[in-house]
Structure formats: structure tokens, C-alpha cells
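With the hints as your guide, set chains B and C onto chain A.
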Amino acid sequence: MEGDVVQMGAYIGAGLASTGMGGAAVGVGLVVGNYLSGALRNPSAAAGQTATMFIGIAFSEALGIFSFLIALLLMFAV
Amino acid sequence: MATDTHEVVEAVATSSHNAPGAEAAPGMPQLDFTTFPNQIFWLVVTLVVIYLVLSRVALPRIGSILAERQGTITNDIAAAEDLKAKALEAEDVYNKALADARSAALDIAAQARAEIQGDLNDAIAKADAEIAAKAAEGEKAIAEIRASALQAVQEVANDTASEIVTVLGGKSDAKSVASAVSARMKG
Amino acid sequence: MTRGSNMVAMVIFAIAAALFVFAAFINKGGELAFHPMAQFEVKPLFGAEHLAWYTPSNATLWMGLSILAVVVILVVATSKRAIVPSRMQSIAELAYGFIYKMVEDVAGKDGVKYFPYIMTLFMFIVTANFLGLLPMSYTTTSQIAVTAILAMAVFLTVTILGFYLNGFGFLNIFWIRQAPLILRPILALIEVISYFVRPVSHSIRLAGNMMAGHAVIKVFAAFAAITLIAPVSIAAISAIYALEVLVSFIQAYVFAILTCVYLKDALHPHH
Chain A
717 MEGDVVQMGA YIGAGLASTG MGGAAVGVGL VVGNYLSGAL RNPSAAAGQT ATMFIGIAFS
777 EALGIFSFLI ALLLMFAV
Chain B
113 MATDTHEVVE AVATSSHNAP GAEAAPGMPQ LDFTTFPNQI FWLVVTLVVI YLVLSRVALP
173 RIGSILAERQ GTITNDIAAA EDLKAKALEA EDVYNKALAD ARSAALDIAA QARAEIQGDL
233 NDAIAKADAE IAAKAAEGEK AIAEIRASAL QAVQEVANDT ASEIVTVLGG KSDAKSVASA
293 VSARMKG
Chain C
55 MTRGSNMVAM VIFAIAAALF VFAAFINKGG ELAFHPMAQF EVKPLFGAEH LAWYTPSNAT
115 LWMGLSILAV VVILVVATSK RAIVPSRMQS IAELAYGFIY KMVEDVAGKD GVKYFPYIMT
175 LFMFIVTANF LGLLPMSYTT TSQIAVTAIL AMAVFLTVTI LGFYLNGFGF LNIFWIRQAP
235 LILRPILALI EVISYFVRPV SHSIRLAGNM MAGHAVIKVF AAFAAITLIA PVSIAAISAI
295 YALEVLVSFI QAYVFAILTC VYLKDALHPH H
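Chains as they are written, first to last, in the numbering used here: chain A, 717 to 794; chain B, 113 to 299; chain C, 55 to 325.
Bound conformation, chain A alone (with noise of 0.2 Å):
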């Protein structure tokens, strides 16, 4: 009984965790957003910062992954 109380919980907060994934979309789509529009007002400098933006949707991508991760550890390792 309380271990399902336990597994309740935590699947629970893996639905929680999973949440998280959405500000990674959030920001990932503001990265790319961003870029897309200072891309369509100066094309000619567009190629030399497409590594910058890709930097950047890493970047704001890991937090989301790190929710996944959580997410994945919740219901499978605890």
C-alpha cells in the first residue's frame, strides 16, 4: 500500500517533471524565432550566426532535457 502511494507520487511528479519540456520548446522557439527574424532583415548576415543559434537551442534544449531526465529517473529508477 505505501509502495504504491510511492509509485503514485512518483509518477505524479514524473508528469510533473515533464512540464519542464515545454519551457525547453518555449525557448527553443524563441531562439530560432529571433534568429529567423534579424535573418530576414540582414540575409547577408544570416549564415555566419547560424552555429550561434544552433549553440543556443542547445543550450536552452538542455534544460529541457534535464526535465526528461528527471522525468525518466522518477519513473523508472526511484
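Note that these hints are calculated values from the structure, not bench results.
Be careful, since some hints might not be right.
[Said to hold, decoys possible] Each pair of labels, with its calculated beta carbon distance range:
(1) A/Gly729 x B/Glu180: 55 to 63 Å
(2) C/Leu148 x B/Lys208: 30 to 38 Å
(3) B/Ser167 x A/Thr768: 46 to 54 Å
(4) B/Ala197 x C/Val130: 25 to 33 Å
(5) B/Arg181 x A/Val794: 51 to 59 Å
(6) C/Pro239 x B/Val157: 43 to 51 Å
(7) C/Pro239 x A/Val794: 34 to 42 Å
[Unchecked claim] Derived contacts from chain B toward chain C, CB cut-off under 7 Å, selection only:
(8) Thr158
(9) Val160
(10) Leu166
Just so you know, even glycine gets a beta-carbon here, dropped at the ideal spot from N, CA and C.
Frame of chain A, contents of chains B and C only:
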């Protein structure tokens, strides 16, 4: 409270060890530490092999291919520049020849025009002289003809007048008739 | 041209999706069963009982295949050394030029010395990711053990190299001179923390992306057992598979470019 959570954790630990469901739904295989030495060993082997292949064979080869191609392209571009310079030179020569020919042609044309003008002037002068001579001759002839014609007219008039006088019963005096006729004709 | 290749890509995705469904069924005899994580298990290849550190396992098999892929792409394809490249040789040259330019742009001219290391990492990850997209395959880069070793190798290399090249001047990366003096200790603390989080995020990003995509595909494949929603499931697998093709490349690219960024810190610690 603290003991409660401790008990709970213990319960979970024992249940996950004993429950038959634990076999059917294993946790994350990624967190199964017994497989780590195996994966790490083979990963290191793989990376070393790939590194050796890349650094000994692949990368120098691709680098040399790219350098060779760059050299070929550079050579070709240099050759193309050479050819372009030559073409420009040839064009210059051609343009110069064209300008020379054009100026020579203009010269010849001017010369020819001058010659023709000279000939023309000569011919015109000659023609003018001839025309003047002809005109003078003609006027002389006209004057002669007119003089002879006047004389003839006067004779005819004299004759006619004396005849008329005679017919009218007068006595024609040749001298007075002649002077009357000439006075009449001058008037 | 593009229309034709789109059609080909669609057909390939559909076949791959069907194979995934088949792979999901093959052990289960048609029962609706969710085992999205079973594909990540490390098993001995030749039926050995115990998995020792030297036992050839499915990890060995797929890592060996990625070595084979690297050799085929970069060595066999360039064996003719043609001035006008064939298609395969163009791929090798594109990969070389892509990574070389990235190292040069991000890490600087003196970073070019470390180009073979970064190329090794990139080629291993990109081939492992794409081989992992084959139905019923095993994705070596979805294992935290593997990516953690890759990330730790990068982290240790960069740290040791930084101290070796700059001595204690390497600590300048934590001491931001542009900031006001009062803020510098706080920023230094944040920089130190973020420096030590690097290998964690570096490894978890790759493993997490790979694991998540493959697990989602397996979950959808399990839903295909219900006749009513099978078409939806197969369409969803096709879509996720297309996304995974993109992710496979981008994650390898991101891993390599972050390595270059870290390398730049080691080579030029002054901000």
C-alpha cells in the same frame, strides 16, 4: 515523519526486489551499471580505431584531394586570366588597326575630293570661256542680221512708199521718200 | 527532381514505420505491450551467460558497424582520389569541409590542430545515430555510459589542455573582467557551476534525445496493435521518424560544435 519516509523507502526497495512485476517492467537499461564496463571498453576501442583510421588514412587523403583540386582550380584560373589578357591585347591591336584604316580612308577620300574639285573647276572655267565666246559670236551674228534686216526693211519701205506715191499721182522723189521712211522707222 | 525525391523519402519512411511495427510485434505475438525501453538493453551477442567487460555484446556489434560506416564513407569512397568527385567522395569531402570550417570558425586557427579529435567524435556520433535509426537496431549513443564517456573525455581534455597551455591563466574564464567588481565573485561562482555542469548537459543531451525519440517510436508502434488506431499510429511513426533523422544529424552537430566552443575556452581563456 522521518521514520515514515524511511520505512516507505525500505518498502519500495524490498518490493522492487521481490515483486514479480519488476522482471516484466525493468527500469531504464541505461542505468544498469553492470553493463557499463562492457560498453565503456568497446566504446574506447571504437574511438581509438576511428581516430587511427581518420588521422592516418582518411583525413590526410581528403585534405590532399581538396588541396590538389584547389591547386588545379587556381592554375585554371591563372590560365584563364592569361588568355583573357591575351584576348584584350588582340582586341586593342584590332581596334588600332581599325582606327588606322579609317583615318587612311578619310585621307584618300579627301585627296580624291580635292582632285575632283580641281578637275571640275578647270572644266567649269573652260566651259565658261567657251560659252562666253559662243555668246559673243552669237550676239555679233544677231547684230549683223538685225542690221541687214533693217536695211532690207528700209528698202522695202522705200520701194513701197514710192510705189504708193506714184499710184496716188505724185511724183516720187527717191531722196525725200527715203528720209521720210527712215524718220518714221526711228519714231 | 524534388518531387521525386520527396516521394522516395516518403516511401522509405513508410517502410521504416512498417518495419518498426513488425519489430514491436515480433516478440509479443500481437498482445498490446509497452516495452519502449527494451531496445536499449545490452545483451551478450553469442549467448554468453555473464556480461563481462570484454564480452562481445550488441553494443560491440553496432559500434563495429559504425566503424565500418566511417571507413566506407571516408576511406573507401575517397580511394580513387578523383579531381572531379563521385557522389560518395563528395559526401566525404562535404563532411571534412563542414567540420574543418566549423573548427576553424569556432575554435580559431590554432584549434585546427585538434580537428582529427573533433572529426572522430562527430563521425562516431553521426554514424551511430543514423545506424540506430535502422529498424530493430541498437543505438549506442542512447546509452548514458557511452555519452558520458564521450563528454568526460571532452571535459578532461579541455580542462587539462587549458591548464597546460595557459597555466593558472586558464582560471580567467571564471573571472569576467567586463563585469563590475562587486558582481565578479557571484559571476565566478555561476561560471564555475556552469563549467562543471557542462559534461552532464553535454552527455545527457545526446543520450536523452536519442532515447526519447526511439522510445516514442516504440510507444506508437505498440499502439499499432489496435486495428482502429493503427493508421494514425503508423502516420505518427513516420512523422517522428522524419524528425529523428533531423535530430540524429543535429545532435551530432551540436555535440561537435559544443566541443569546439569548450576548446576555444581552453585555447583563449581571456574573454
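- Query: Should the interface hint for B/Thr158 be scored as holding, given a Cβ-Cβ cut-off of 7 Å against chain C?
  - Reply: Holds - the Cβ of B/Thr158 comes within 7 Å of chain C, reaching about 4 Å at its closest.
- Item | Hint check for B/Lys208 and C/Leu148 - Cβ pair distance inside 30 to 38 Å | Given a distance of about 50 Å, which is not inside 30 to 38 Å, the answer is violated.
- Distance restraint hint 25 to 33 Å, applied to the beta-carbon atoms of B/Ala197 and C/Val130: Given a distance of about 44 Å, which is not inside 25 to 33 Å, the answer is violated.
- Query: Taking the beta carbons of C/Pro239 and B/Val157, is their distance inside 43 to 51 Å?
  - Reply: Given range 43 to 51 Å: holds, Cβ gap about 45 Å.
- Supplied contact hint for B/Leu166, tested at 7 Å Cβ to chain C: At 6 Å from the nearest chain C Cβ, B/Leu166 passes the 7 Å test, so the hint holds.
- Message: Holds or violated: the 55 to 63 Å window for the beta-carbon distance between A/Gly729 and B/Glu180?
- Response: 60 Å, holds
- Task: For the hint on B/Val160, just tell me whether its beta-carbon gets within less than 7 Å of chain C.
- Result: Nearest chain C Cβ about 9 Å off; hint violated.
- Query: Falls inside 51 to 59 Å, the C-beta gap from B/Arg181 to A/Val794?
  - Reply: With a Cβ separation near 57 Å, B/Arg181 and A/Val794 satisfy 51 to 59 Å, so the hint holds.
- Could you tell me whether the CB distance from B/Ser167 to A/Thr768 stays inside 46 to 54 Å? Check failed, 29 Å falls outside 46 to 54 Å.
- When you take the CB atoms of C/Pro239 and A/Val794, is the distance between them in 34 to 42 Å? Since the Cβ atoms of C/Pro239 and A/Val794 sit about 36 Å apart, the hinted range of 34 to 42 Å holds.
Hint compliance for this structure: hints 2, 3, 4 and 9 are not met, and every other hint is.
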